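2 protein chains.
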Amino acid sequence: MAKALPVSPLLVPIPEMPPVAGVRLATAAAGIRYQGRTDSTLIEFAPGTTVAGVFTRSLCPGAPIDWCRAALKNGKARALVVNAGNANVFTGRAGVEAVKATAAATAELLGCKPRDVFLASTGVIGEPLPYERLTAALPELLAGLSPDRWHDAARGIMTTDTFPKGARRTVMLGGTEVTIAGIAKGSGMIAPDMATMLCFVATDAKLPAPVLQAALKAAVDASFNRTTVDSDTSTSDTVLLFATGQAKHDRIAADAPGSAVRGFRAALTDLLLDLALQVVRDGEGAQKLVRIDVTGAVTAKSAHRIGMAIANSPLVKTAIAGEDANWGRIVMAVGKAGEPADRDTLSIGVGGTWMAREGGVVPGYDEGPVVAHMKGREIEIAVDIGLGKGKATVWTCDLTHGYIDINGAYRS
Amino acid sequence: MAKALPVSPLLVPIPEMPPVAGVRLATAAAGIRYQGRTDSTLIEFAPGTTVAGVFTRSLCPGAPIDWCRAALKNGKARALVVNAGNANVFTGRAGVEAVKATAAATAELLGCKPRDVFLASTGVIGEPLPYERLTAALPELLAGLSPDRWHDAARGIMTTDTFPKGARRTVMLGGTEVTIAGIAKGSGMIAPDMATMLCFVATDAKLPAPVLQAALKAAVDASFNRTTVDSDTSTSDTVLLFATGQAKHDRIAADAPGSAVRGFRAALTDLLLDLALQVVRDGEGAQKLVRIDVTGAVTAKSAHRIGMAIANSPLVKTAIAGEDANWGRIVMAVGKAGEPADRDTLSIGVGGTWMAREGGVVPGYDEGPVVAHMKGREIEIAVDIGLGKGKATVWTCDLTHGYIDINGAYRS
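First to last, the protein sequences are chains R and W. Residue numbers for the first sequence follow this note's numbering, beginning at 1 and rising by one. Residue numbers for the second sequence follow this note's numbering, beginning at 1 and rising by one.
It is worth saying that the hints were derived from the structure and are not from the lab. Take these hints with a grain of salt, some might be off.
[As the list claims (entries may be wrong)] Which residues of chain R face chain W? A few of them, derived with a C-beta cut under 7 Å, are:
{"#": "1", "residue": "S58"}
{"#": "2", "residue": "C60"}
{"#": "3", "residue": "F90"}
{"#": "4", "residue": "G92"}
{"#": "5", "residue": "G126"}
{"#": "6", "residue": "D232"}
{"#": "7", "residue": "T233"}
{"#": "8", "residue": "P314"}
{"#": "9", "residue": "L315"}
{"#": "10", "residue": "M332"}
{"#": "11", "residue": "V334"}
{"#": "12", "residue": "A341"}
{"#": "13", "residue": "V361"}
{"#": "14", "residue": "I404"}
Bear in mind that the values here come from a model prediction, so they are computed numbers and not experimental data. Every residue, glycine too, gets a C-beta built ideally from N, C-alpha and C.
Required output: the full structure, derived from the provided sequences and hints.
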């Protein structure tokens, strides 16, 4: 079923992931769908842990998303249970039963409320989750909990990711150094699985849930929401941030302004962007990581939309796969974004060379450096709209035969 | 440069195209980019011909689009000049000069005003159009004009289309039978060309320009705007409708309501849908034509948007290429459309078999007939949202290795 995929040429090695105070992790092979690998992950958080979450905008989300959204209202968490191999999406009443039973069993073992247990599932859609296998693995998971198992957890949540993804930052908060650590999965896929992006982050900072939620929302907007692989949105996309409160820093009030945690927010954004780019680097069939800098738009939001129109254009992405600096297709993508743009003030550059400027080809434009740049693994596209001061950067990958191979395969 | 592409397996033969009173056509090989084929087309219309047009929504359109939009204000036409091989897009002042010079030269030969000459170009972007070659070919084009050359014209406007596209309808109007005939090109592409959709339609009906424009707008909304190959929008998309007024039917006033030309509008819509589906059948790398019927949405507009979200989803399109009835990906696409939808009222069927209904797999669902249907050339997907009475049908093609081959090729 899970045909072994070649490891992405854009791989970055997972960094050292030392413990985060108040966090213990474990994985087990529950045999939910995959054989011979871990597929179930338990992360336990110290009492008093607060939580924030951002979820898919899909109007047809999976049962675990519904569960997490409801649980989030309490703002407290003691555990996260993740399974790979079955997304528990479009499973009707059985899906609801599965999340209730899993949360109840975990809560009983940990001595907490079911509402303190967060859940995420990734894998095949439309098949009932054999949750008894998951709950049967809980004692083993509990026994295996250790602060040192971040790498195991990063592997346990993978579906057809070709490498495990993790990142870690430290930052000063209220006079003390705190740690933020996270893992992510996506955007590999096995037919008929859905590419789902899951990201779980923990910090030893002590932050009230509203402060945490505001920080997470802003950080996701500036990271995951600036990346795309193929414009499709999973029914299960999830980013959860847990704050164990073990660090001994000055108290942060629930109504503290964003500026009170500016450094923390910046570090969190940086960490999420790191993880988001790891996901793009492992995009289905990706051979090149593409950065698109849009400047001169009428607003930052307009720049973001123009950037995403370029990043999601199949014609732009196939041209990049072909190592062709086809700026005509970039003009096309700008034109279809629906945002203010003017052909005659538009400039387009690749790898630091401006190719087209103010409505025409740059006179005497030398294709040499551009051709060389396009052969690399990391491609930089610059688009200046020439109308205002709005700017945004987004990232994508190229569209290759590998994408068709992975996503056009028969289910088997 | 133009690597010969295999003819689409979804080809439909071009029908017989007898003359339309008041229309003469000619083609020539002007050597604009291609060698050994016709690349320039002149269509001459009788004095008194009215015209309507619908153009790309791109905010970075080509110079011929600007020209046509301005010329359309007069509502009159005597000629159409089309070249293949160069799109005259992103060519700055040179592009404006090219359209002015071509229109002036044509007008002088025909004894009309430049504003009566309509222009369309398709091909490479960002290279100045060598319009002298086009104007040099005008005398040959003029000499070659004949009412019998519709097939030649259908071939002359092709870029990497793998078959010529035409359609013809007759309909009663004001007590007389009138003819509507049209040709189209798209959506093949050669690197670095842009897939451009061009469609030119002529009728012998005598219709004031406002009536014609309203009819064309409605017909395009119900045909071309319901189809997609890859979600990208060309800078040159053009549909022009010319009415020569040679048919001797009852007079239609300029302020006649749509109902006065109901039959004509229906025939026009049917013809444009025929041409639009021919374009999808010739989509880059297309192996399957896909029809998506959305019912039960809150409004028709909502149904249309949901249909287009499915039709543009790379994950749905690659699954179809793999002959995999992956309804999980259809759920995903419905969920990301941003339109009202409810997982628990959603039903999905393929080839007449409902696979998923009301939030779960249909009990005892037999995959056999669905698997057989997916192996065919024409795929039917039905999605019932279960919320209202809005419905819409859209068409697309699958996403295959052929698409990557065609669009990822180096420029050379």
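We went through each hint and held it up to the structure:
no.	hint	in the structure
1	S58	holds, 3 Å
2	C60	holds, 3 Å
3	F90	holds, 5 Å
4	G92	holds, 3 Å
5	G126	holds, 5 Å
6	D232	holds, 5 Å
7	T233	holds, 4 Å
8	P314	holds, 5 Å
9	L315	holds, 5 Å
10	M332	holds, 6 Å
11	V334	holds, 6 Å
12	A341	holds, 5 Å
13	V361	holds, 5 Å
14	I404	holds, 5 Å
Going down the numbered hints, you'll see the structure goes against none, and every one checks out.
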